[in-house]
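*Asks:* For reference, the chains in residue letters:
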Amino acid sequence: MSAKVIVLTSGKGGVGKTTSAAAIAAGLALRGHRTVVIDFDVGLRNLDLVMGCERRVVFDFINVINGDAKLNQALIKDRRNDNLFIFPTSQTRDKEALKRDGVERVLDELRTSFDYIICDSPAGIEHGAITALYFADTAIIVTNPEVSSVRDSDRIIGILASKSRRAEKNMDPVEVHLLLTRYAPGRVEKGEMLTIEDVKEILSIPMVGVVPESESVLRASNTGTPVVFDEGSPAGQAYLDAVARLLGEERELRFLKPGRRSLFRSLFGRA
Amino acid sequence: MRLLDFLFPERRNSAAIARDRLKIVLAHERASRDAPDFLPDLQKDLLDVVGRYIEIRDDMLRVNLARSGETSLLEINVELDGAAIKPVKNGGGKTRPAPAAIVVAKPDPGSHPPWVKPG
Numbered sequence: 001m002s003a004k005v006i007v008l009t010s011g012k013g014g015v016g017k018t019t020s021a022a023a024i025a026a027g028l029a030l031r032g033h034r035t036v037v038i039d040f041d042v043g044l045r046n047l048d049l050v051m052g053c054e055r056r057v058v059f060d061f062i063n064v065i066n067g068d069a070k071l072n073q074a075l076i077k078d079r080r081n082d083n084l085f086i087f088p089t090s091q092t093r094d095k096e097a098l099k100r101d102g103v104e105r106v107l108d109e110l111r112t113s114f115d116y117i118i119c120d121s122p123a124g125i126e127h128g129a130i131t132a133l134y135f136a137d138t139a140i141i142v143t144n145p146e147v148s149s150v151r152d153s154d155r156i157i158g159i160l161a162s163k164s165r166r167a168e169k170n171m172d173p174v175e176v177h178l179l180l181t182r183y184a185p186g187r188v189e190k191g192e193m194l195t196i197e198d199v200k201e202i203l204s205i206p207m208v209g210v211v212p213e214s215e216s217v218l219r220a221s222n223t224g225t226p227v228v229f230d231e232g233s234p235a236g237q238a239y240l241d242a243v244a245r246l247l248g249e250e251r252e253l254r255f256l257k258p259g260r261r262s263l264f265r266s267l268f269g270r271a
Numbered sequence: 001m002r003l004l005d006f007l008f009p010e011r012r013n014s015a016a017i018a019r020d021r022l023k024i025v026l027a028h029e030r031a032s033r034d035a036p037d038f039l040p041d042l043q044k045d046l047l048d049v050v051g052r053y054i055e056i057r058d059d060m061l062r063v064n065l066a067r068s069g070e071t072s073l074l075e076i077n078v079e080l081d082g083a084a085i086k087p088v089k090n091g092g093g094k095t096r097p098a099p100a101a102i103v104v105a106k107p108d109p110g111s112h113p114p115w116v117k118p119g
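Protein chains in written order, with the working numbering: chain Z, 1 to 271; chain Y, 1 to 119.
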């Protein structure tokens, strides 16, 4: 089977890779695709918390690579959606434990039973990040409209073009998409934040989604729920749009105007 | 708001400054990313050689490879502003007289040579 490996990467930390990986994996599962989301951030496991399955982790990625556990012992089935599985990483401090041939073996095994393999990359351009992006068929560059994030994204795009498996083996290049997160339309309007067009022009890669800064994102991670499960959340809707675009559908960008909240909603409603 | 903006023109908005700074820094980084690996070594060797004759700091010598279509151009800029001439050590102890005048070519950081496409 030809499962697609989608890597979420950014270079810079704290831009929303794990939030986005959880949301996109859950969104693909909601669309009926069998999806597994893998945490590549060895030593700094967090996907389990964001997905709300931290108390169900028994075996992890490194256990499976080392042959200490079977794949189906380590995969955690999501309780909200039957198509969704979480593959937690290890808390070991040995970063080199993520061996490339081991990762390849595990990914090949996952390919036989999943449609989409979502890889949540660690920040930086060290071993873990390079290992994650190496196997990408598609890469989603998570970027905030902010100078250091845009610069690091540019660096990662360069690394994808030269160091990925597809580049090394002269295959079709990795399909690269831009996902702009923490976008604050009000600040853009005031000239305090880079616009969508600015970031698109500077990085010159196609935009797969723009996720507005939203209170619902913190609320989702507080409760361990991917934000797409919160139906009233603009961020959740924006992620579902991004998933639709990944699946080849045309969707207009939404939530690009500053929200005008009614008095009633400010008092009783949720963001 | 517009009237207020007109009456009290503020500094240029910060997003525009961010965009312009990013464009400039990324243009430089993309150019050096594609540079061959030997450039840092070449720069070090050149510093050694030039340093035998003139006292220069590391940041006064820059090596750059510019590409435009089919043409590649290796560009070496040595800044001599304020550099002191050393007595030559490898000429059998003889001190060569300093040249009458050194033409100081000061690179203007804002301008690009014609073969480099800015941005």
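These are computed hints drawn from the structure, not numbers from a lab. Don't take every hint at face value.
[Stated by the list, open to error] As a list, the in silico EDC-like pairs of lysine to aspartate or glutamate whose alpha-carbon atoms are at most 16 angstroms apart:
| # | chain 1 | residue 1 | chain 2 | residue 2 |
| --- | --- | --- | --- | --- |
| 1 | Z | Lys200 | Y | Asp34 |
| 2 | Z | Lys99 | Z | Asp78 |
| 3 | Z | Lys163 | Y | Asp20 |
| 4 | Z | Lys257 | Z | Glu192 |
| 5 | Z | Lys77 | Z | Glu54 |
| 6 | Y | Lys23 | Z | Asp198 |
| 7 | Y | Lys23 | Z | Glu201 |
[What the hints assert, rightly or not] Just a sample of chain Y residues kept apart from chain Z, beta carbon distances all over 10 angstroms, derived:
| # | residue |
| --- | --- |
| 8 | Asn13 |
| 9 | Arg21 |
| 10 | Leu22 |
| 11 | Val25 |
| 12 | Leu26 |
| 13 | Glu29 |
| 14 | Asn64 |
| 15 | Arg67 |
| 16 | Ile76 |
| 17 | Ile85 |
No residue lacks a Cβ here, since even glycine has one placed at the ideal position from N, Cα and C.
*Asks:* Which of the numbered hints above does this structure break?
*Replies:* 1, 2, 3, 8, 9, 10, 11, 12 and 13
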